[in-house]
Structures are given as C-alpha cells and as structure tokens.
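Q: Residue numbers (our numbering), protein chains in the order written: chain Y, 1371 to 1501; chain A, 1371 to 1501; chain D, 1371 to 1501; chain H, 1371 to 1501; chain U, 1371 to 1501; chain E, 1371 to 1501.
You can take every hint at face value.
Label-pair distances were calculated between CB atoms; the ranges are: (1) E:A1463 to H:M1371: 27 to 37 angstroms; (2) D:T1467 to Y:P1434: 30 to 40 angstroms; (3) D:G1465 to H:K1464: 15 to 25 angstroms; (4) A:G1430 to E:A1463: 41 to 51 angstroms; (5) H:K1464 to A:D1414: 46 to 56 angstroms.
Keep in mind the hints are simulated off the structure, nothing from the lab.
Note that the coordinates shown come from a computational prediction; the quantities given were computed from them, not determined experimentally.
All C-beta atoms, glycine included, are put in the ideal place defined by N, C-alpha and C.
6 protein chains.
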Amino acid sequence: MATVPLISDDDISAEARAVFDDIRAVRGTDFINNFWRALAHDPDLLRATWERLKVVMAPGALDPLTKEMIYIAVSAANACEYCAHSHTAAARAKGLTPEMYGELLSVIGMASQTNTLVNALQVPVDEVFKA
Amino acid sequence: MATVPLISDDDISAEARAVFDDIRAVRGTDFINNFWRALAHDPDLLRATWERLKVVMAPGALDPLTKEMIYIAVSAANACEYCAHSHTAAARAKGLTPEMYGELLSVIGMASQTNTLVNALQVPVDEVFKA
Amino acid sequence: MATVPLISDDDISAEARAVFDDIRAVRGTDFINNFWRALAHDPDLLRATWERLKVVMAPGALDPLTKEMIYIAVSAANACEYCAHSHTAAARAKGLTPEMYGELLSVIGMASQTNTLVNALQVPVDEVFKA
Amino acid sequence: MATVPLISDDDISAEARAVFDDIRAVRGTDFINNFWRALAHDPDLLRATWERLKVVMAPGALDPLTKEMIYIAVSAANACEYCAHSHTAAARAKGLTPEMYGELLSVIGMASQTNTLVNALQVPVDEVFKA
Amino acid sequence: MATVPLISDDDISAEARAVFDDIRAVRGTDFINNFWRALAHDPDLLRATWERLKVVMAPGALDPLTKEMIYIAVSAANACEYCAHSHTAAARAKGLTPEMYGELLSVIGMASQTNTLVNALQVPVDEVFKA
Amino acid sequence: MATVPLISDDDISAEARAVFDDIRAVRGTDFINNFWRALAHDPDLLRATWERLKVVMAPGALDPLTKEMIYIAVSAANACEYCAHSHTAAARAKGLTPEMYGELLSVIGMASQTNTLVNALQVPVDEVFKA
Chain Y
1371 MATVPLISDD DISAEARAVF DDIRAVRGTD FINNFWRALA HDPDLLRATW
1421 ERLKVVMAPG ALDPLTKEMI YIAVSAANAC EYCAHSHTAA ARAKGLTPEM
1471 YGELLSVIGM ASQTNTLVNA LQVPVDEVFK A
Chain A
1371 MATVPLISDD DISAEARAVF DDIRAVRGTD FINNFWRALA HDPDLLRATW
1421 ERLKVVMAPG ALDPLTKEMI YIAVSAANAC EYCAHSHTAA ARAKGLTPEM
1471 YGELLSVIGM ASQTNTLVNA LQVPVDEVFK A
Chain D
1371 MATVPLISDD DISAEARAVF DDIRAVRGTD FINNFWRALA HDPDLLRATW
1421 ERLKVVMAPG ALDPLTKEMI YIAVSAANAC EYCAHSHTAA ARAKGLTPEM
1471 YGELLSVIGM ASQTNTLVNA LQVPVDEVFK A
Chain H
1371 MATVPLISDD DISAEARAVF DDIRAVRGTD FINNFWRALA HDPDLLRATW
1421 ERLKVVMAPG ALDPLTKEMI YIAVSAANAC EYCAHSHTAA ARAKGLTPEM
1471 YGELLSVIGM ASQTNTLVNA LQVPVDEVFK A
Chain U
1371 MATVPLISDD DISAEARAVF DDIRAVRGTD FINNFWRALA HDPDLLRATW
1421 ERLKVVMAPG ALDPLTKEMI YIAVSAANAC EYCAHSHTAA ARAKGLTPEM
1471 YGELLSVIGM ASQTNTLVNA LQVPVDEVFK A
Chain E
1371 MATVPLISDD DISAEARAVF DDIRAVRGTD FINNFWRALA HDPDLLRATW
1421 ERLKVVMAPG ALDPLTKEMI YIAVSAANAC EYCAHSHTAA ARAKGLTPEM
1471 YGELLSVIGM ASQTNTLVNA LQVPVDEVFK A
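Same shape as in the complex, but just chain Y (with noise of 0.2 angstroms):
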C-alpha cells in the first residue's frame, strides 16, 4: 500500500488525465502501471517526470535495452523494489535474455563490492584517470 491512494481513471483531474492519455499513446497499451497513478496526486510532479522519462528513454546514441539495464543498475543500488520489477519487466520486453541478464546482474554486483572496498580503503584516484 502506497503513502497515498492510487488514482483511478475515475478520480482522476483532467491534468493527469492528459499525461495518462500520452502515456497510453506513446507506449501503444491502455495499461497505466501504479508508479503513474501514485504521481497522479500532483499532476505538475506526474507531467514532469513523464515528460523528461519519454525523452530520456527514446532510442539515441544507446539503445533502450542499454537503457533499461542501466535503470535496472541503479535501482538495485537504491534498493527500490518497484523499480527492480518494473524495470526488469521492462527490459524483457525489449528483448532481455537470460544470459543477459545473468551478466547484468554479475556486473552489479562486482561493481558493488569493489564501490565498498574503495569507500572502505579510501583509496586515491590515480593521476592518470583524471580527464
């Protein structure tokens, strides 16, 4: 149960209906996932946060499977449950392999352990990686 209660197509203010609807049409689906519905509570915060998703998701110089995994990167690290199913849910849509996703996963966490060695060691940049 979310902080707040999730908008139906029925309570729902004419602002967020508008991003409802371009959500629907950009995604080509009627369904309207409970991340949406929990944002329709402040139609600035729900228009904002889709309108900056749509871009920053659209295929460009990586594609959206990248995208996805990436997604799927950060939200292990933040420890969010619904990002961890929403986005893995996502990425097998476009395409996640079972391979693929066993090397994600292996990447995660490799890169976890060695971010706490170094937080743990404090270990200094070396002059050469700096730009």
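Please arrange chains A, D, H, U and E on chain Y, whose structure you already have, making use of the hints.
A: For chains A, D, H, U and E alone, coordinates are given in the frame of chain Y:
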C-alpha cells in the same frame, strides 16, 4: 590517501606479484592502478577480486562498453569517487562517446529520481510485473 | 515480520514499560507503534532512541512539520519502508497538505537526481561555497 | 577534478549558453557554479535539469529555505560532497541560522539512525499508518 | 516474488545442482534458501558467489559470528530485507545473544547517525588519521 | 573544508568545552578530532552525540574492537570518507591486525555484492528465517 599504504612493485609479496603479472598480461599494459595496490595487502582478496572481475567484464552476451556503463551507474549510486573516475576512463578507452555519456548520465539521473519517489511513496508492485 | 517478536504490553520489562509510559504521555495517546515494540527488547536502546527523538522533534528553530518533512526526505533516500509510512502519517497529523507533499516529493526527486549526477561527474566544489 | 572538463564561457555551445543566460537572469548574478559547467557538455541534460530545478525550488506551498533544507538532507544521505556544500551555502543565503542548521543536522542524524535500525529489524508497518 | 522463478530441485541444471550439493555438504543440511534458488538461473554467478562466500565466511582471524554481525551491519545500511532476515538467523545459529544483538544494533544506529552528520558537514580528515 | 569552521579551543563555548573535557578524560588524550570540532557549533548535538557514543562503544557483550569493525562496515556502505579513516585508525589502536582487516574487507565486499543481487532479484524471505 588510503587507509593502507599503496604497495609498490618493490614491496610486493610473491602472491600479490603473480596477480599483478596477470593484470598486466590481460590488459596489455605495465600500469597497475591504485585499487590493486591497495588490495595487495591481502593477496587472497586481491586474487579473488581480480579473478572475478576478469570474468565478469569480459565480452559475453553484453559487450565490454555496456558493462562499463553499468559499472559507472552503480558507482554513481554508491557515491564512489575512485570508481566514477576509473570506470569512466575505462569506458572512454572502450569507445564511450560524449553523446553516449550524456545519455548514460540522463538515465542515471532519471532512475535516481524515480527510485527515491517510489521509496517515498512506497508504490506497490503491479501484479503484471511479477514474473 | 521483524527479526524479533514485537513486545506486547503483557510481555514488557519494567524498564521498557517506563519508556512506553513516557511515549504515551508525551504523545497523548495509548497507541505504541511497532518501531518501539521492536526496540523494547533492548531497554537501553529503546530509552536512548526515545529520549533523543523527543528532544530532536520538539518545536525549536524549526517547526515540527518541517522536521517531519526532513525525516521523510532522509527515509526515502535510505529506502526505509516503515519510516516512509510512519513519518508521512506523522507529517499529515501535523498539517502536511497534498500541495506540500507534492512539493516535498519534487524536491526529494530533484535532489536525488542531481546528487547522483554530481557523484557520477565528480564535480569539484566551487571555492565560493567553502565556508 | 571532474570526469569532464568544466566548460568556460569561452568554450560553450550556443544552446548551453542560452541556459547559462537564464540561470544568470533568474539568480541575478553572473556567477555560474561548477555543476552547470559540468552539465554543459550535454545541452539537453543541462536544460532539462535547470528548467526543472527552477520550478521545483521556487516558492510555493513550501518556502525556498525549507526546500534547501530538504535538499541538504537528501544530499547528506546520498554522500554528495558537492551538494552538501552548494546547498548549505544556498540555504544560508536564504536565511538559515546556526540554530536552524543545528536542528536540521539533528533531524538528519536521528532519521539516519532510526532508518537503519528499522532496516536491520525489518519492522512491519502498523496498519494505522497505511493510508 | 522474485524477478525470476525460484529454481526447484526438479528443474535445476546439472551445473547448478553441483553447487547445491556443495552447499548442502558444507552446511550439513538439505535446506537450500531462496537466494541460491534465484541465482541458480545463472550457474556461473551461482558458483562464483558460493565459492567466494564459503571462503569469506569461514573461521579465520575473525570468528564466524563476528563475520555475520558485520554482514548484518552492511545489509542494514543497504536496506536489504532478505539479507537482514537471513543473516540475523545465521548469526543466531552461531551464538548471537539478545545482549549482543542489542549492542550490534546500537553500533549500527550510531554509525549511521555520525556517517550522515559527517556527510552533511563534510568534516575534513585529521592528519593524524592518515596512515 | 567543512560547511562550518572547526571550533578551536580558543573559540569554544562553555557548554562545548565541558564536552571536550569529558572526551579528553575518557580517552586519556588531549587530542580532539575534527568531528567534534565541527559539532561544537551546536553544544546540544555535540553533547548528545558524545554521551551516546561513549555508552555504545564501551565494552559490553561485544568488545570494543568488534564494535569498531562494525562501525567501519557501516561507514563503508555509507561512503563516509572521514568515518572510514577515523574508525580504521581507532580499530588499529584497539588491536586490528592486517589479517583481521583483510577479512573485514572481504566480508564487507561480499555483503555489498549479495545485498545488491538480492535487491535486483527481489528474493522473497524464506519462511524459516522469520523469527
């Protein structure tokens, strides 16, 4: 300055030197960065970390540049200064362009934002996302 | 389910009961929330936590609602499910409106985003910001 | 040193300069801090970040000083050195007194402590806290 | 529910089964906990994680109970629900008393508090602490 | 440089001086490290932090060295540079050997890795682990 002195090539144990030799051979360079010089105080930890890193970061279902970008994402979430520098340098050596870096940062920023919104709102996972 | 059984009023030690009595008196309610029932296994930790919380959250240079919003912000960053729920409830009891909550979430989201961008980019502190 | 060179006013692109111009106009100062000079490598990320920050931090249901304190709280939890310095400086410019800062720190410390106790104990959310 | 189905003994690959066999032999029990059943989708990650865990958690300069307490401390800081439960259970099996658990929690809480105070204040490291 | 000037012995308030006196007496040294000099701006926060630290870190069911190792573990997970340095120095003063430090780091690294794997996979807690 680290919590331990960085081990120079002159002061290194035989077990740690063997790991340094393998790092040099695999990477094709004489340069050993400070992370390994800090770990060299514990040859077992040094060896285990390097042996696993070597496997995890090798080409597979994901290419090495994608793996470095995932590493950067986790390192940013974990506030690891050394790791941000060393893996951004590694990513550039593997072909990271400014356009890719900008998109990587954009996804990292977006994920951090929505992770924390979800963690504040405690959004329940949609049934459809459950595997 | 917690890693310890929650202590009921029937099973409580005399030292822990004294702390519960003070919580009830200060808050003007008979209700003791689960956090305190989990801490009650260690009366010293229970007392130290409550005695400090009582002082820290009291009105001062900052009003109690502002303090609750700061508490929510830290709890979201630390991915604490219980704390998000309990302090959002507390903030509402102290006057948090939907408009305030939306702005609070917006600041939390913005800060999380720029924190991680800075931690990825390792931006050096401007001289002018140093006290 | 950042992972990218900081962009000076002499090397900046036209799109990034337009954002800098707006930052200067809104803030009423010629000074551009390093965060924006690092983001200026990606004018889209620079613009999106600034446009959202400008809205989020403006006066609303919460006053700008309260927003800066919330920003400091999140930044401390995320171990962001730059952000701690820059937002503490911003908060002082908006009226943060030593008394307020002491109370802000006290709440941040208390929240961090209880967040981690709860995450260790895995305290279940009381029914009464569920919205 | 995990992002992958948990692998039962009936559906497991030969490589993963070999790891389960070793876990059972080392631990002297037929029980395999869910963490390993989730990792079993990637036998390489499963094996690497188990082989390293087996070494790291074995008696050495630190006894196994001390190691479990350190594991709980990191898990609490990383908001890992599963890890808090599984390692608290493991610590109890190795002799953790209520008194020890209370002190462990007290140190975890204290460290979390002062970590965040330091990260807010950005206290410079005393010269005397540098190795 | 901290966000506040460090308080010298010449500029200190009477209330803060009394806490410094107790720190000196308990520790048997005239040296006051920077953390306390930063907190000294708020004598109440200084006193509360010191009074609790003094109790928490004293010998009990856990010995002081074990407590310092737990403190290091939390500090590494929270990316606290100052804390990593100060508590590693404190642990050494209490008998931390290189072998113990290597094992401590190994456990910290292992826990960080499995925490993040679990947070990515969202592994459900086994029934048997529930208290």
